[in-house]
Amino acid sequence: MEDGHDAVGVGSQGRRAHARAPGCRHHHHREVQELRAHTRVEPGARRQQRGLLPGERRPGRQRDLLERSRDAGARRRRASRRPVALDRGRFRLRAVSLAGRGREARRSVERGASGGERQPRRALAQRRQGRRVRAGKPGLGGEGEGQQVRHAPALRPQCRGVHRPAGARVPGGVPQHQDPGVAVSVRARLSTLMFLQFFIWGAWYTTVGNYMSAHGMAKLAYLPYTVNPIAAIVAPFFLGLIADRFFATEKVLGVLHLVGGAIMVLVPGATGASGLFVLLLLLYNLCYMPTLGLANSLAFHHIEDQERQFPLIRVFGTIGWIVAGLFIGFVLSRFTGGLLPDTTPLPLYTTGTASLLLGLYSFSLPHTPPPAAGRRVSVQSIIGVDALKELGSPPFYVFIICSFLICIPLAVYYTYAPIFAKVAVYDLQTTNVVTGALPNPSSLMTLGQMSEMLFMLAMPLMFARLGVKRMLLVGMGAWALRYALFALAAPASLFWLIVLGILLHGVCYDFFFVTGQIYVDKKSTPAVRGQAQGFLVLVTYGVGMLIGAWVSGQVYNRFLGAAAGLTRQQWLSFWLLPAAFAAIVLVLFAALFRPDAAPAREPVAAD
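Numbering of the sequence shown is given in the numbering used here, commencing with residue 201 and proceeding in unit increments.
Each hint should be verified, as a subset may be incorrect.
[Said to hold, decoys possible] Under the rule of at most 25 Å between Cα atoms (straight-line distance), these lysine to aspartate or glutamate pairs were calculated in the DMTMM-like manner:
1) LYS722 with ASP627
2) LYS669 with ASP627
3) LYS451 with GLU504
4) LYS722 with GLU504
5) LYS419 with GLU590
6) LYS722 with ASP505
7) LYS589 with ASP721
8) LYS722 with GLU590
[Said to hold, decoys possible] Computed Cβ-Cβ distance ranges for the label pairs, DEER-style:
9) LEU628 with PRO795: 41 to 49 Å
10) ARG508 with SER593: 23 to 31 Å
11) TYR597 with GLY537: 51 to 59 Å
12) GLY469 with PRO511: 33 to 41 Å
13) ASP505 with LYS589: 27 to 35 Å
Derived by calculation from the structure, the hints in this document are not laboratory data. All figures in this text were calculated on a predicted structure; none of them were measured in a lab. The beta carbon of each residue, even a glycine, is placed where N, CA and C say it ideally should be.
Construct the entire structure; sequences and hints are all you get.
Take a look at the structure:
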């Protein structure tokens, strides 16, 4: 504020709005005219000191009206016995008597200037009789103070900790903000967390199928993709009942990654025993899958603007997945003796080592207390039954059912697309620019994550133009088109159709999964928002992917029979099945889904 008038909402001319209306008289009309009539011009020496505060005038001069008005103001406050709060810098909040006011002013406070700025305003407001009283402009007396009351804006809830959202630390205080240097440091550490989190997943998830096929376990290659959804179903119970209530997030994250890394290092040693091999992968996934939710909650706790900052942090997870595939293709291939690194245990050892590294790194992350400490948690809230009751409507039920159904053919891609790429591209020693740059199936599959990053940037524009239903339709249609491209490419091993099908991953994932998360977020209230998102993950990544992985494994084994691998014609028939299934889900969703109209926002009353 430049002067005391602005602090209370008075214009630069010192008059109130009703005083400027035509035909209206100022409520100090007589006094103002009298003061103007007796105002005199002073000599230059005194005129130069007229605007100075008492402490700035040369000694020996008579006390100015500013100092005398301060004493008068103190007497006036003692007479009124009005409680005055201590100054807090430039602004202060002072309690206002509510006698005679309506219910609307019960939470009102008066904004005043600091002590140094309050003196000139009260000097001008002082009305005195006599010929030697100076007044530069009419001010406000005690009568006008009652009309200078404004409602205090609602302050954000307080949070504890160094890295907390901006808001007032004390009631009535000015909102506090993070130090920019600290905020950048925290975001860099969270980005490193996301990078390692998805580097670990990408290092084994796209290679374990080829590894099992190369070591006599081709018929069991689908099982690792069933233990992952099982762990996704168990993870919410672990998070809701234990991790979110009793332990700091960074400590739980570190312990789970250390235990999971130790288990993954043991997995290659169980290659000859398929049952033990799959069991160890199940134990590893039971440790890993809860860390996805823990990493997200830790990141949300330490950033101010989740909608703008979290995508910039989460994108490093996609980069980590891409780097994992490139690391296997370019670094590990130098230690395989000419073999495809996907068929060696090196990716599994890489996963275990990275898990141990992330486990140690997690203990250095900012402290994050358990978010649900002291709260009662029920099984219904964990699995999202309460959210389903609140969000229950025909469009939401259609969305949930179709999301579940589309995840059944979706699981086929993660399980068998790397195997198909190996057979149709690298076993035939296809040579071109792409295979020269991406020399193994795991690196070729990273093209999908690269397109995911590009389409993520285009999502805001596409979402504004297409809306929820059309975005979901495009995502579902992309899944059907992808499998159709794989089927067309299979008989002649058409490389570019295979690459195009992989590049569709950005549309398949972003337009369906991300749009679905946005749709659920917009429909849910803050009370059940977390439960609603957890229920969506349980239905899609959990139950849907589990059924899809198991069904696709049974279909693949039926085509495989006693052979070592599928022929090109068998691959054609195999890919047509998920393409047809996805097309049916697309038609059902287009016919049945009618999105609810966006609820109108309640008008906010101006203070």
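Does the hinted range 27 to 35 Å hold for ASP505 and LYS589 at CB?
holds, 31 Å
For the pair supplied as a hint, LYS722 and ASP505, is the alpha-carbon distance within the 25 Å limit?
Judged against 25 Å, a Cα distance of about 17 Å means the pair holds.
Run the distance test for LYS419 versus GLU590: straight-line Cα separation, threshold 25 Å.
violated, 43 Å
Decide if the proposed pair is consistent with the structure: LYS669 and ASP627, CA atoms, cutoff 25 Å inclusive.
Distance of about 41 Å is beyond 25 Å: violated.
Check the hint pairing LYS451 with GLU504 against an upper bound of 25 Å on the C-alpha distance.
holds, 22 Å
Does the structure keep LYS589 and ASP721 at a Cα separation of 25 Å or less?
holds, 15 Å
Has the hinted range 41 to 49 Å been met by the Cβ atoms of LEU628 and PRO795?
With Cβ atoms ~46 Å apart, the hint holds.
Is the straight-line distance between the alpha-carbon of LYS722 and that of GLU590 25 Å or less?
holds, 13 Å
Between the alpha carbons of LYS722 and ASP627, is the straight-line distance 25 Å or under?
Since the Cα atoms of LYS722 and ASP627 sit roughly 47 Å apart, the hinted pair is violated (cutoff 25 Å).
Would you mind confirming whether the straight-line C-alpha gap from LYS722 to GLU504 stays at or under 25 Å?
Cα-Cα ~20 Å, so holds.
Range first: 51 to 59 Å. Now tell me if the beta carbons of TYR597 and GLY537 are that far apart.
holds, 55 Å
Is the distance from the Cβ of ARG508 to the Cβ of SER593 consistent with 23 to 31 Å?
Holds, at about 30 Å.
Consistency note: the structure conflicts with the earlier hints numbered 1, 2, 5.
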